[in-house]
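Using the hints, position chain B against chain A.
So the sequences go chain by chain: A and B.
Counted from 1, the first sequence has number -6 at position 7 by our numbering; the numbering is strictly sequential.
So our numbering is basically just the index in the second sequence, starting at one, shifted up by 51.
Keep in mind the hints are simulated off the structure, nothing from the lab.
A quick note: this is a predicted structure, and the numbers were derived from the prediction, not measured.
Some clues are possibly wrong.
Stated by the list, open to error - If the Cβ cut is set under 8 Å, some of the chain A residues that face chain B in the computed set are:
#1 77
#2 78
#3 79
#4 103
#5 208
#6 210
Unchecked claim - Derived DSBU-like pairs: lysine-lysine, alpha-carbon spacing no greater than 35 Å straight-line:
#7 B:83 x A:212
#8 B:53 x B:83
#9 A:154 x B:83
#10 B:53 x A:154
Just so you know, even glycine gets a beta-carbon here, dropped at the ideal spot from N, CA and C.
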Amino acid sequence: MAHVATAVVTFVQAMLLAALQGVSELFPISSLGHTVLIPALLRWPVAESDESFLAFVVVLHLGTAIALIVFYRTTWIGIVRGLVRSVVRGRIGDDPDERIGWLLVAGTIPVGVLGVLFQSSVRALFGSPLAVALFLVANAFVMFAGESLRRRAVTVGTALEDLSWQKGIGVGVAQGLALLPGISRSGSAIVAGLLAGLDHEAAATYSFLLATPVILAASVLEIPKLFAPEVRGITVEAVAGGVLAGLTAYASVAFLTRYFRHNDLRPFGWYCLVLGGVSAALFFWKVIP
Amino acid sequence: MKALALLLAAVFLIAAILYATGHGYPAGVHEKHAILAFVLAVLALVWFRFQSTPASTSR
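This is chain A alone, in the form it adopts within the complex:
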């Protein structure tokens, strides 16, 4: 393909990054961290600040958001109806959909504010794979600590609709940690949910529902990048990548909702600890420059 020569990623790299995005956005292992680490470890000459690459990433996020909406379509229809109903009525009723809907709104405000205010400030970290590797190690300890504290918790098994406003907003604030590349959005939110008294399945569901408007808004706001004059020769990679990211995201959320019925975060913690630790050592001793 002639245009690939001028593109910032090859078709194969684009597909691998798309699959990686779809999986790592929802698994608690940090998609941003993997987007920085994997090309650095494989020595791909990916220009991550290039407008074409940023446009490609926007499409991957859009695919992920659409997959989440499709997976939770029934839940979202109930939530949107509940939100409209409560505004028309002028109060939040006893319907779980209304309550969960407003919890999601309250939980999304902090991450939206943090994202708009600080995203450009932390973007400098994206250029340092060593910093990202260290944050991935920190992500592992967040999950280990979360599991350890949960085992000592008095309140467990709170239903999602019974979550207090403070705790619902607290989970949203925890999501904001994911602005740091290497810290997982879903991992932070699930840990915060566990500490708020939810079980793993409810915490994961709340995390995925919270992630949907955030990922969707982040990608929709960046859509103008797709039409920037500097963006060239990435259309095929972006469209195919968006579809693949959506498919892998759908498979990931389907797997994780079943996984968290009986399992916990520790395997993901070990994965982040090993990948982050080994990567940090390779970058620190300049085995990989």
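Showing chain B alone in chain A's frame:
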């Protein structure tokens, strides 16, 4: 609380207009800030509506 909700709505709406038009901000128009401020203004108005109706079951 009703007065606070209304005040917040007004402040966020003014901020949204200022961000959208670039007035008072040397760096120019901030679309994302404008959208965020507008969304917060709408949410403050929703909060005002909830405060205005008796027998809220909000926890």
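To see whether the hints hold, each was checked on the structure:
no.	hint	verdict
1	77	holds (3 Å)
2	78	holds (4 Å)
3	79	holds (5 Å)
4	103	holds (5 Å)
5	208	holds (6 Å)
6	210	violated (12 Å)
7	B:83 x A:212	holds (14 Å)
8	B:53 x B:83	holds (27 Å)
9	A:154 x B:83	holds (27 Å)
10	B:53 x A:154	holds (23 Å)
Of the hints listed earlier, the one the structure fails to meet is number 6.
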